[in-house]
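Asks: What follows is each chain in one-letter form.
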Amino acid sequence: MEQTAVRFEHVSMAFPGVLANDDVSLEIKKGEVFALVGENGAGKSTLMNILYGILTPTDGRVYINGSPVDRFAPRAAIARGVGMVHQHFMLVPSFTVAENIVLSREPRKGRIFFDSAAARRETEALSAEYGLAVDPSAVVGDLSVGLQQRVEILKALHRGAEILILDEPTAVLTPQETEELFAVIRRIVGQRHMTVIIITHKLYEVMAISDRVGVMRKGQLVGVRDTADVDEKLLASMMVGRPMLYDELEKTGTPGKELLRVEDLKVRDSRGLAAVRGVSLSVRAGEVLGIAAVEGNGQSELIEAITGMIRPESGKVFLLDRDVTGQDPGAIRAVGLAHVPEDRLATGVSAQATVADNLLAGRQREKRFTRFGFHRRMSTVERYASQLYERFDIRGAGTQAPAGSMSGGNMQKVVIAREFSFDAPVLIVAQPTRGVDVGAIEFIHSQIIAKRNQGCAILLCSADLDEVFRLSDRIVTLYEGRITGEFSGTFSKDEIGWHMTGGGKREEAG
Amino acid sequence: MDKLKKLNWGYLGSLAVSVLLAFAIGAAILAVAGFDPLRAYAAMAEGAFSSARHIGDLLEYAMVLCLTGLACVLGSRVGIFNVGGEGQLLLGAVVSCQVGVWLGSFSPWIALPAAALAAMAVGGLYALIPGFLKVKVKVNEVITTIMLNTIAASLCQYLAKGPWKNPNKNMVAATAQLDPRLWFKSLIPGSNLSTAILAAAVITVLTWYVMEKTSKGYEMRLTGQNPRFAFFSGIKTDRLVIGCMVISGAMCGLVGMFRVYGVEHLYRSSVSNQYYFEGLTVAMIAGYQPVTVIFLSFFFAILKTGAQGMELTAGVPNQIYLIIQTVIIFCMAAESGVFSSLRAGAQRRKAQEDIRRKEGRDHA
Chain H
1 MEQTAVRFEH
11 VSMAFPGVLA
21 NDDVSLEIKK
31 GEVFALVGEN
41 GAGKSTLMNI
51 LYGILTPTDG
61 RVYINGSPVD
71 RFAPRAAIAR
81 GVGMVHQHFM
91 LVPSFTVAEN
101 IVLSREPRKG
111 RIFFDSAAAR
121 RETEALSAEY
131 GLAVDPSAVV
141 GDLSVGLQQR
151 VEILKALHRG
161 AEILILDEPT
171 AVLTPQETEE
181 LFAVIRRIVG
191 QRHMTVIIIT
201 HKLYEVMAIS
211 DRVGVMRKGQ
221 LVGVRDTADV
231 DEKLLASMMV
241 GRPMLYDELE
251 KTGTPGKELL
261 RVEDLKVRDS
271 RGLAAVRGVS
281 LSVRAGEVLG
291 IAAVEGNGQS
301 ELIEAITGMI
311 RPESGKVFLL
321 DRDVTGQDPG
331 AIRAVGLAHV
341 PEDRLATGVS
351 AQATVADNLL
361 AGRQREKRFT
371 RFGFHRRMST
381 VERYASQLYE
391 RFDIRGAGTQ
401 APAGSMSGGN
411 MQKVVIAREF
421 SFDAPVLIVA
431 QPTRGVDVGA
441 IEFIHSQIIA
451 KRNQGCAILL
461 CSADLDEVFR
471 LSDRIVTLYE
481 GRITGEFSGT
491 FSKDEIGWHM
501 TGGGKREEAG
Chain W
1 MDKLKKLNWG
11 YLGSLAVSVL
21 LAFAIGAAIL
31 AVAGFDPLRA
41 YAAMAEGAFS
51 SARHIGDLLE
61 YAMVLCLTGL
71 ACVLGSRVGI
81 FNVGGEGQLL
91 LGAVVSCQVG
101 VWLGSFSPWI
111 ALPAAALAAM
121 AVGGLYALIP
131 GFLKVKVKVN
141 EVITTIMLNT
151 IAASLCQYLA
161 KGPWKNPNKN
171 MVAATAQLDP
181 RLWFKSLIPG
191 SNLSTAILAA
201 AVITVLTWYV
211 MEKTSKGYEM
221 RLTGQNPRFA
231 FFSGIKTDRL
241 VIGCMVISGA
251 MCGLVGMFRV
261 YGVEHLYRSS
271 VSNQYYFEGL
281 TVAMIAGYQP
291 VTVIFLSFFF
301 AILKTGAQGM
311 ELTAGVPNQI
321 YLIIQTVIIF
331 CMAAESGVFS
341 SLRAGAQRRK
351 AQEDIRRKEG
361 RDHA
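As they're listed, the protein sequences go chains H and W.
Sequential numbering of the first sequence, starting at 1, is according to my numbering.
Sequential numbering of the second sequence, starting at 1, is according to my numbering.
Quick caveat, the hints were computed from the structure, so don't treat them as lab data.
Certain hints may be false.
Within a straight-line C-alpha distance of at most 30 Å, the following computed BS3-like cross-link-like pairs (lysine-lysine) qualify [said to hold, decoys possible]:
#1 W:Lys165 x H:Lys266
#2 H:Lys29 x H:Lys251
#3 W:Lys138 x W:Lys161
#4 H:Lys202 x H:Lys29
#5 W:Lys136 x W:Lys216
#6 W:Lys161 x H:Lys266
#7 H:Lys316 x W:Lys185
#8 W:Lys165 x H:Lys367
#9 W:Lys165 x W:Lys136
#10 H:Lys367 x W:Lys216
#11 W:Lys169 x H:Lys316
#12 H:Lys266 x H:Lys30
#13 W:Lys161 x W:Lys185
#14 H:Lys233 x H:Lys251
#15 W:Lys213 x H:Lys266
#16 H:Lys202 x H:Lys218
#17 H:Lys367 x W:Lys161
#18 H:Lys233 x H:Lys493
#19 H:Lys316 x W:Lys165
#20 W:Lys161 x W:Lys136
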């Protein structure tokens, strides 16, 4: 007997200037794992936020377990058994696991006082019932991301969720943690007959976990298939609306001389804690060195110290055989380095400045852009910006529009266009395609490899392991501020994943 | 044509609405207080333009507003808010005055540049303190500059009453008078307008040019918009922020000198009646845009001079000027919220329309 858990009927959602959901009709069956895929901005999260009651659709109807939703509010959705685990966790870091799980329906002592013993008991019972092991008295802020996610799931279950929405749950997980999460999903669906809706843009995960898959593009649901009937290539082409070929990128040439060398670098983070604890590495001309690491293991601080954004505590950085340790970004750039930062909005652009001014940054003193060394030649700037705009296929409201008005992918293209046009021999590239849609990813990857083939030394850091695998000639794994492994040739995902989580270190110790 | 398109019509529109609203509310208040609003406003216009002396005073006041306003803009361009201009102005005034007293026997060609340099140096150094503290130890500049204002005012008062006191016993809290040879020549007899306005015009154009047309101005803008990005792109942001703060202070110091050498001819507290804060207000209303600051300086100078005339001829208290100014600020601040919510509503309606049109097409 198949029942419908959720039904969307002609649901549309209009935001100022965009139609985030455009006449979506979809049925999700009880007891299935349904994957919702699509590029960024395709409307997946919007649709799920409607189901969870955060958004009220402009048009259409939603049915949960057969009865129509008349009031869109998270409280009402929770009452009907909908639970949602957001991409950014909604936990109180200073509370314990038990306190977080019972939050909003706390057990009371004498109606007034919080009954922490009961909260712990409830948590233990819940965790045993679903086979999700957690320590009820641990403080959430001390837990790993994977465990925090588990707490989020338990919280939803504690509220009686039968339909669980997971919004990009694996974005922050290691391969091992992802496997564990999938095991949990299979268990709750298999044993408890729950319904799980998982939003993702990693296609191999769709193949691994889901029963059925819905593909969204530009607000529309373009297809719903049984997962058994599709493959990754087909899904990718449905997502972008044209055949997508993940071709092997053509890598040519052999590595030349060493252009970047880091020696025993130690860096403290903004809170004064040791983030990089003695890293040495070297990148040669014509090669891509990838850093594989779970977020928060020192890769951000390592890159900031190399590029001059922060001062290292000790150690040395050599750029083209010149010691640039502790110099400011201007001085280091002048020696021959360009940098695509991990957070484009905070570091990579000025959102208020025009696209042209953003493309110019770093070149404003060049002779061709100034007369007498100070008077700006606006027409030359404009011509230069238009050229880059064309060459890097940036799409937006033109070079005179503020950079902040562009989509994330196009903003990233502005950053890439600017940094890649410096013709610097050394490129530091962090999270080049974070939040960028599939079409643009292809383009950015091919630009990176083009730079490599021209003889650039490239240091790549990305949370997307597939990207690291695809682009790198060599890979180092970074765990808790130390290099735990180095790989070249053919990479094994399992082995690298294991070193990323400190496996190698445990092995040595054991 | 392109130039016309580039104008920020949204800003100009809301400014016009705010000004009209301010005059309407001012009229209502005048009516309630028992004055005839039309007669009062007529008296205001007359007060501003009726005599050459008034026009001279008006231009001198516009000069002060413009220079102090631009000094404020200079800081805000790199993301530092100089609220300490009043103190920098007063110190510039008292020090440049005393330099003039000491060099009274020298040629004006030596004494005046020396006084101007002294005014800029003392104003700039006084602004260096909050600038340095902001950049190096992240102390909020608004707090430090406000505190330093009080210290500067007291210090100037002390100097004028103590070591640099006027030899005439009847003059309390004033320094000695400058030798008339050192005074800026009056351009309209009987008014405050002096040749200082020519120097002010040069400074105004120069400030505008640097901010709007040079690569340094571009770097300032990036630094103010996103200091992390500016630093990342290779700009030495610390130096730039401190530098702009110092120049802002130097400009304020120079305004103090202009007031002493053009109007008062000695230092006393009437050298500035919170003029920097009026300039800062103009800068805020102008959205920190230099050209707008220049235009609005004249507008507010007309209002204020006119209000003084209105008090004399129609008996209306000149505080009406403050009311109008305040309402304009209020409207400009509210404007961004009101307009953006109107705009969002319109866009939402349009989006819904699009859905309906699309659905109509699908059914057809």
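Asks: Indicate, hint by hint, whether the structure satisfies it.
Replies: Do the hints match the structure? See the list:
no.: 1; hint: W:Lys165 x H:Lys266; in the structure: 60 Å, violated
no.: 2; hint: H:Lys29 x H:Lys251; in the structure: 46 Å, violated
no.: 3; hint: W:Lys138 x W:Lys161; in the structure: 36 Å, violated
no.: 4; hint: H:Lys202 x H:Lys29; in the structure: 22 Å, holds
no.: 5; hint: W:Lys136 x W:Lys216; in the structure: 22 Å, holds
no.: 6; hint: W:Lys161 x H:Lys266; in the structure: 59 Å, violated
no.: 7; hint: H:Lys316 x W:Lys185; in the structure: 63 Å, violated
no.: 8; hint: W:Lys165 x H:Lys367; in the structure: 55 Å, violated
no.: 9; hint: W:Lys165 x W:Lys136; in the structure: 38 Å, violated
no.: 10; hint: H:Lys367 x W:Lys216; in the structure: 14 Å, holds
no.: 11; hint: W:Lys169 x H:Lys316; in the structure: 70 Å, violated
no.: 12; hint: H:Lys266 x H:Lys30; in the structure: 53 Å, violated
no.: 13; hint: W:Lys161 x W:Lys185; in the structure: 28 Å, holds
no.: 14; hint: H:Lys233 x H:Lys251; in the structure: 22 Å, holds
no.: 15; hint: W:Lys213 x H:Lys266; in the structure: 43 Å, violated
no.: 16; hint: H:Lys202 x H:Lys218; in the structure: 18 Å, holds
no.: 17; hint: H:Lys367 x W:Lys161; in the structure: 55 Å, violated
no.: 18; hint: H:Lys233 x H:Lys493; in the structure: 20 Å, holds
no.: 19; hint: H:Lys316 x W:Lys165; in the structure: 61 Å, violated
no.: 20; hint: W:Lys161 x W:Lys136; in the structure: 36 Å, violated
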